[in-house]
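Can you build the whole structure from these sequences, using the hints too?
Here is how the chains run, residue by residue.
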Amino acid sequence: MINVISVNEKGLAIIDEMLDWEEELKVKSIELDNGATVIDCGVNVEGGYDAGMYLSRLCLADLADISYTKFDLDGLPVPAIQVATDHPTIACMASQYAGWRIAVGKYFGMGSGPARALGLKPKELYEEIGYKDDSEFAVLVMESSEIPNEEVVEYIAKHCSVDPENVYIAVAPTASIAGCVQISARIVETGIHKLESIGYDINTIKSGFGVAPIAPVVGDDTKCMGSTNDCIIYCGETYYTVEYGDVEKLEELVKKAPSTTSRDFGKPFYTTFKEAEFDFFKVDAGMFAPAKITVNDVKSKKSFTSGRINPGILLESFGIKEI
Amino acid sequence: MINVISVNEKGLAIIDEMLDWEEELKVKSIELDNGATVIDCGVNVEGGYDAGMYLSRLCLADLADISYTKFDLDGLPVPAIQVATDHPTIACMASQYAGWRIAVGKYFGMGSGPARALGLKPKELYEEIGYKDDSEFAVLVMESSEIPNEEVVEYIAKHCSVDPENVYIAVAPTASIAGCVQISARIVETGIHKLESIGYDINTIKSGFGVAPIAPVVGDDTKCMGSTNDCIIYCGETYYTVEYGDVEKLEELVKKAPSTTSRDFGKPFYTTFKEAEFDFFKVDAGMFAPAKITVNDVKSKKSFTSGRINPGILLESFGIKEI
Amino acid sequence: MINVISVNEKGLAIIDEMLDWEEELKVKSIELDNGATVIDCGVNVEGGYDAGMYLSRLCLADLADISYTKFDLDGLPVPAIQVATDHPTIACMASQYAGWRIAVGKYFGMGSGPARALGLKPKELYEEIGYKDDSEFAVLVMESSEIPNEEVVEYIAKHCSVDPENVYIAVAPTASIAGCVQISARIVETGIHKLESIGYDINTIKSGFGVAPIAPVVGDDTKCMGSTNDCIIYCGETYYTVEYGDVEKLEELVKKAPSTTSRDFGKPFYTTFKEAEFDFFKVDAGMFAPAKITVNDVKSKKSFTSGRINPGILLESFGIKEI
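Protein chains in written order, with the numbering used here: chain A, 1 to 323; chain B, 1 to 323; chain C, 1 to 323.
Since the hints were made in silico from the structure, they are not lab data.
Mixed in with the good hints, there may be bad ones.
As a list, the in silico EDC-like pairs of lysine to aspartate or glutamate whose alpha-carbon atoms are at most 20 Å apart [unchecked claim]:
1) A:Lys256 to A:Glu196
2) C:Lys301 to A:Glu316
3) A:Lys70 to C:Asp72
Some chain C residues well away from chain B (every beta-carbon gap over 10 Å; in silico) [stated by the list, open to error]:
4) Met110
5) Lys132
6) Glu136
7) Asp201
8) Phe288
9) Arg308
We put the beta carbon where it would ideally sit given N, CA and C, even for glycine.
Right, dumping it as structure tokens:
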């Protein structure tokens with residue numbers, strides 16, 4: 001049943017909408033010499049929240065209901081994003097997860113979205129979830145401060161076994177509004193990824209729901225990497241419906257899952273990253289998780305919740321001055 | 001004016017969408033031998049939240065704006081449903097209200113949705129609200145743990161005066177995700193029904209707005225009947241706009257309306273039901289109401305609010321263990 | 001780039017939808033003798049919340065994402081509206097702002113929406129934001145308790161340089177449900193207008209987000225003017241993304257912006273207005289602002305927040321009696 005849904009076909013439909021609404025979304029499409037289409041959502045254009053919503057839909061292959069909502073940070077209302085999906089493994093893991101590090105020549109970007117399911121990046125993950133897309137179009141979301149060039153497209157096309165003119169890339173830097181939106185949209189995905197990393201069988205996850213504030217632009221890409229991740233780490237709330245059965249193991253894993261269990265929990269991620277001399281390998285990977293995780297197991301009929309949000313640290317990360 | 005809107009025609013358009021999105025909704029359509037179409041939303045398939053949203057739209061004949069939202073249960077965020085309608089009597093009473101008990105042979109299910117307005121189930125209600133549909137298609141939502149068979153369809157077709165091949169039934173058990181969603185979507189309807197039962201003229205209700213948490217799957221159908229009803233009884237919030245005029249009587253009725261006035265308020269419904277030896281006639285019917293009801297009377301320009309939510313009891317009902 | 005989007009063309013598409021959904025929206029279209037189309041959303045018809053949502057979309061030229069949400073007034077949940085736009089100056093100032101006072105014969109109404117961008121009402125504002133529409137159709141929203149007649153249409157047509165048969169007017173009184181909705185939908189606009197009035201360059205505003213409760217109908221047009229404005233003044237929350245740069249000046253202006261800084265803050269607007277003997281010139285114009293304003297400057301990467309909501313005064317304004 002799973003393979004009937006093609007994430008790249010879903011993505012292509014969204015790309016078409018974006019091309020129809022360039023003015024409204026404040027994005028700009030570029031046709032490269034090899035025929036590939038790049039949609040700039042924040043590199044040389046303004047972009048905006050709606051461009052970020054489209055990036056999020058692309059990432060999730062349109063297999064989620066996403067909407068704006070308000071998040072109350074100890075009395076300070078900020079825009080937030082709400083994500084609901086009945087296809088958590090395909091939408092979040094086979095598509096949204098930023099699992100393709102693309103470095104070609106001087107170009108660097110983190111690839112996420114449907115095209116990964118053609119290139120199988122990374123292969124083990126696709127084997128684990130038993131999903132593989134078959135499409136002549138490759139749709140990729142790129143978190144990068146540069147517009148990908150022909151060389152980058154050739155690389156992607158080759159790995160996805162498609163023609164370069166059938167490659168569609170939507171790109172926004174971390175330090176952009178659209179970038180901030182699409183990262184907060186990873187709230188459900190981040191919880192699944194954390195659960196996977198501590199040994200949970202993610203194929204048992206049937207639905208996911210989550211809310212996370214959207215970060216303001218607080219500085220350069222590195223600083224924004226901090227504030228955007230903090231949205232999930234300190235105020236990200238998730239709720240999963242699973243079909244698991246092993247109550248004891250489920251309780252043990254849910255307890256471990258939220259960011260609150262990390263040794264680095266308690267200060268803005270940028271501070272942690274700086275203390276680690278900007279070396280990712282020195283940062284506890286367990287940090288990358290929602291602050292709050294609730295799981296309803298429809299097999300055992302039991303539910304568990306773990307973690308707590310911490311608006312204070314997020315406010316520190318956002319640096320919003322009260323005047 | 002009222003009769004211009006055909007709830008079954010509205011329903012049929014949603015059925016078409018569901019048939020187009022079977023994979024996405026994780027539902028499965030079945031054609032019966034007599035040509036009727038059944039869409040399984042949770043009996044032998046997974047279904048999910050979106051299937052539940054479609055069931056809710058069907059129930060409400062697409063005459064409401066429904067969306068996911070978050071509900072904060074004393075710090076525990078859970079998915080919730082928000083319903084807004086400018087056609088409260090048609091959407092909720094002529095269509096959504098589960099007023100058709102269908103028992104044919106060994107089959108049992110609670111029927112709700114558009115088809116009731118053809119079969120006039122129950123007749124007095126349709127006379128009261130002055131609505132009657134005229135359509136050659138009958139669209140029914142069934143809360144049941146079994147797929148209806150040809151015999152059930154013949155029964156429905158006969159009562160609705162349509163051909164069996166024009167009967168469309170969407171079905172989900174109480175103990176399913178889709179089932180839990182569609183029950184919480186009854187938040188606005190439950191308040192109207194309660195008001196009707198205490199003598200309020202529901203034709204004066206012009207708009208309705210409500211929010212209710214969505215229950216996790218906590219057990220079998222009986223246990224889920226408890227937790228889903230508790231969503232409305234203990235945390236359901238409603239707001240009605242009416243054209244009434246009699247301020248004194250309005251105040252008196254609104255005061256009586258919320259679940260908080262019931263003698264059985266204060267413990268999970270399943271406990272009450274068990275204590276009544278699972279005999280519905282021993283349970284106070286006044287329980288079935290939102291916890292909080294606010295009414296704005298545009299005629300007298302007065303507004304009243306009554307009741308209070310009780311997240312603690314809902315948490316007890318959900319049985320979510322904090323770890 | 002700006003002029004590529006025609007607010008009247010966007011408006012016309014919404015008018016078409018409204019004409020298709022008259023029954024559902026409980027509105028009524030009227031063709032005047034000169035061929036103009038008037039859509040009554042609450043003068044002689046019921047209208048409703050959805051009619052108000054359509055009026056809001058018209059006002060904002062469909063350049064905003066608007067949705068219902070819940071607002072918690074110290075434990076009392078009321079319906080609210082959420083607005084998100086990436087085109088704050090065009091949507092809110094070139095279109096939504098109620099900048100056209102229309103008094104023709106005995107007819108009086110406040111004009112807002114797309115047609116203003118043809119008539120350039122007021123001219124200085126359009127010069128400031130550098131926007132001007134070019135369309136043969138004029139779409140106007142009228143806050144009035146009367147249906148505009150042919151004479152009113154001639155006046156509008158002349159000022160907009162369009163034929164009378166190409167004039168489309170949607171109208172609702174202040175004291176109607178649809179009227180209450182469309183006023184709360186001005187939450188983002190009100191903040192921009194206030195910022196403009198204290199010397200802020202509104203062309204630097206790139207995105208706006210806001211939430212405001214929707215008032216119940218509390219009395220006649222004057223009383224409803226009070227309660228609807230109070231929704232914004234006492235519980236309106238906004239968040240703007242700007243490209244400004246001058247941190248010091250930004251901090252100074254944001255501090256001044258919210259309604260909380262007004263000498264008249266602290267009592268329902270109707271009381272203030274009454275004390276001023278219903279003379280607008282005696283009321284502090286600084287009152288007309290959201291209660292809470294947060295600004296993220298993507299240029300300086302700094303963010304400021306000022307003001308605070310006051311649900312107590314809004315409850316007093318709404319006059320909802322707890323029973």
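Checked hints:
Under the criterion of a C-alpha separation no larger than 20 Å, the hint pairing Lys256 of chain A with Glu196 of chain A is consistent with the structure, at around 12 Å. For the hint pairing Lys301 of chain C with Glu316 of chain A, the CA-to-CA distance comes to about 14 Å; that is within 20 Å, so the pair holds. The hinted pair formed by Lys70 of chain A and Asp72 of chain C meets the criterion: a straight-line CA distance of about 12 Å does not exceed 20 Å. No beta-carbon of chain B is positioned within 10 Å of the beta-carbon of Met110 of chain C; the least distance is around 21 Å.
Listed as a non-interface residue, Lys132 of chain C keeps its Cβ farther than 10 Å from every Cβ of chain B; the least gap is roughly 35 Å. With a least CB separation of 32 Å from chain B, Glu136 of chain C remains clear of the 10 Å interface cut-off, as annotated. The beta carbon of Asp201 of chain C sits about 36 Å from the closest Cβ of chain B, which is more than 10 Å, so the claim that it is off the interface holds. Annotated as non-interface, Phe288 of chain C keeps its C-beta farther than 10 Å from every C-beta of chain B; the closest such distance is 24 Å.
With 10 Å as the threshold on Cβ separation, the claim that Arg308 of chain C sits away from chain B holds: the shortest Cβ distance comes to roughly 21 Å.
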